[in-house]
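**Q** Please build the complex by placing chain B on the supplied structure of chain A, with the hints as guidance.
So the sequences go chain by chain: A and B.
Position one of the first sequence corresponds to residue 0 (numbering that gives the first Met the number 0), numbered consecutively onward.
Position one of the second sequence corresponds to residue 0 (numbering that gives the first Met the number 0), numbered consecutively onward.
Note that these hints are calculated values from the structure, not bench results.
One or more hints might be untrue.
Treat identical chains as interchangeable: a pair holds within one or across any two.
To be verified - Computed list of lysine-lysine pairs in DSS-like fashion (alpha-carbon distance at most 25 Å, straight line):
| id | residue 1 | residue 2 |
| --- | --- | --- |
| 1 | K40 | K103 |
| 2 | K4 | K103 |
| 3 | K19 | K308 |
| 4 | K327 | K252 |
Just so we're clear, the structure is a prediction, and the values are computed from it rather than from any experiment.
The chain contents come next:
2 protein chains.
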Amino acid sequence: MATIKDVAAEAGVSVGTVSKVLRQVNVKEKNYKKVMDAIEKLDYRMNAYAQVLRTSRTFTIAIIVPDLTNPFFCALVCYVEQILGAIGYRLLLCNSQYNEGREKHYIEMVRQNMVDGLIALSYANLEEYEKIDFPFVSIDRNFGNHVTCVSCDNEAGGRLAAKVLLEKGCRKPVYLHNGVRSGDIRKRWTGFKSVFDEAGINVKRINFGNETTLTNTRIHLIGEELERLVSSDAFDFDGIFTSSDVVALVVKKKLEQLGFAIPEEVQLIGYDGLREMNIGDYYVSTIVQPVKNIAMACVENLLNQIDKKPYQKRIRLSVSFGDGGTTK
Amino acid sequence: MATIKDVAAEAGVSVGTVSKVLRQVNVKEKNYKKVMDAIEKLDYRMNAYAQVLRTSRTFTIAIIVPDLTNPFFCALVCYVEQILGAIGYRLLLCNSQYNEGREKHYIEMVRQNMVDGLIALSYANLEEYEKIDFPFVSIDRNFGNHVTCVSCDNEAGGRLAAKVLLEKGCRKPVYLHNGVRSGDIRKRWTGFKSVFDEAGINVKRINFGNETTLTNTRIHLIGEELERLVSSDAFDFDGIFTSSDVVALVVKKKLEQLGFAIPEEVQLIGYDGLREMNIGDYYVSTIVQPVKNIAMACVENLLNQIDKKPYQKRIRLSVSFGDGGTTK
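Isolated chain A, as found in the complex (with noise of 0.2 Å):
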């Protein structure tokens, strides 16, 4: 395994710099390159017992994420570690299963220092993530001033969502949704409603149950739903926005099996961007959100709050359409 003076033997430097770009602290930007560069080509990791003997810190990093088995949070995750691999941190994975006791059992984890910060989805509107007063990113959810937030402009995804759907044709849009979630994420609906409303178009809006965990079970009632709306002749739609790819794939199986042609019929949008397998085709048309850059966000904004570096406290990332099929 590659040693710290491999790596300034390579870099061309001394140990001390190479010390230096470790511990983040400043050095010249030609020798952060160089070092980086050596760190990358000898596949140097830093040895951590030594570092967690030199230092007060763990050098793990604890993410809290609600379901694994959801691709979305399983790409981030990876992407998480990815990153943190590359600079000698390791992730500790927490999967809280919706399990608030299960979340407040990993709060209190971090709190005792069994790990230097904490990057968190969480479904549960905690009053204990109000009170961390360690270094410690969100995603999605905003627990006040003082905490990170790091987002994709939810709003935007939803005009994004609509203004497709316009181009394409759609007149009778509706948004299809589950959860009462944070108030971020129903900003995809106000965003698609007010392209519409522009367009001077009448759009619905219908709640699958505020249940926010997508099991096999609630699927499946997702597709009862659905069937009982068309049977009953509530359904006229020709452009659907769903508020996730699971529900656009439960949607779209549902419909196709009622006899709808898709896109032909009834255009079909959700929202995430997850793809077939991880890495195949987008499911549906979609909304992607940049799972690599969320990851990336919160990594780099939590370690400048461990290295007391200054920081920003919102940070929203951008949307874009990815063609999944499902739209003309």
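**A** Here is chain B on its own, set in the frame of chain A:
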């Protein structure tokens, strides 16, 4: 948060009895059940920091997987985390990205007592694994008699795929695979072949290249290779078995694009049991690996090693067939 006293009160036993259960010391079957029920009801979590101070343990397990974007590895990690979380253990996630250097680094970390044990799904044939003298469970890959290996019965999986295809009328079978993987996974082919050999039916095998990593680029190449086979009339099969569901999905899409009717003209069986979005339908008909059982077997075996209790060295789990619509 529930304390050990709350658990004792709920279970109607002494704090000492709860403590014994938590430390995995033998207690009466009846009391064990009472305590476990109370732990579940109260969602009791052991105070991790206090434990580390009290014992020499870190109550942390590391898992090495080659690629978290692969839904099979993702599901495995998810279940391992769930099972560990329920008994007060934490999970350190190590995503090797098929990189030997990263795997070595993670092994070194475990050696340095940063964690109590290691579960690894290795794609690198590292001698470091053979030398491991701490609690360690290997999935699929056999690192010698002293290392626990948990695997599914790959030969039975291959035989099962062949039996299904044979029963459903296939007479021109082929095995499509990618990557030169560990000895045990090769048995999917030997099992598949043996059934057709016995039936006196000729069976082909096509290797899509020795690269195991299934990136977007690799998947694209598999599609191109298949297209070449078809256009050169070298593709004359009515039953396909693939080494993984990821490969099966590429094959399905490409063949459909080329005008083949699946399952009418060509039937297709993959391997792993992956579902759309991890919770929906199977992507393709498939040999289902019992991911949850694999996770449970790994954790149970590792804890026995940590607690210096007797443990098995070879654990072989059964597979089953899952109908995903690509067989008749």
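**Q** Does each hint fit the structure? Answer for all of them.
**A** Consistency of the hints with the structure:
no.: 1; hint: K40 - K103; in the structure: between (41 Å within a copy, 16 Å between copies)
no.: 2; hint: K4 - K103; in the structure: between (43 Å within a copy, 19 Å between copies)
no.: 3; hint: K19 - K308; in the structure: within (15 Å within a copy, 46 Å between copies)
no.: 4; hint: K327 - K252; in the structure: both (17 Å within a copy, 20 Å between copies)
Violation of the numbered hints given earlier is absent; every hint is satisfied by the structure.
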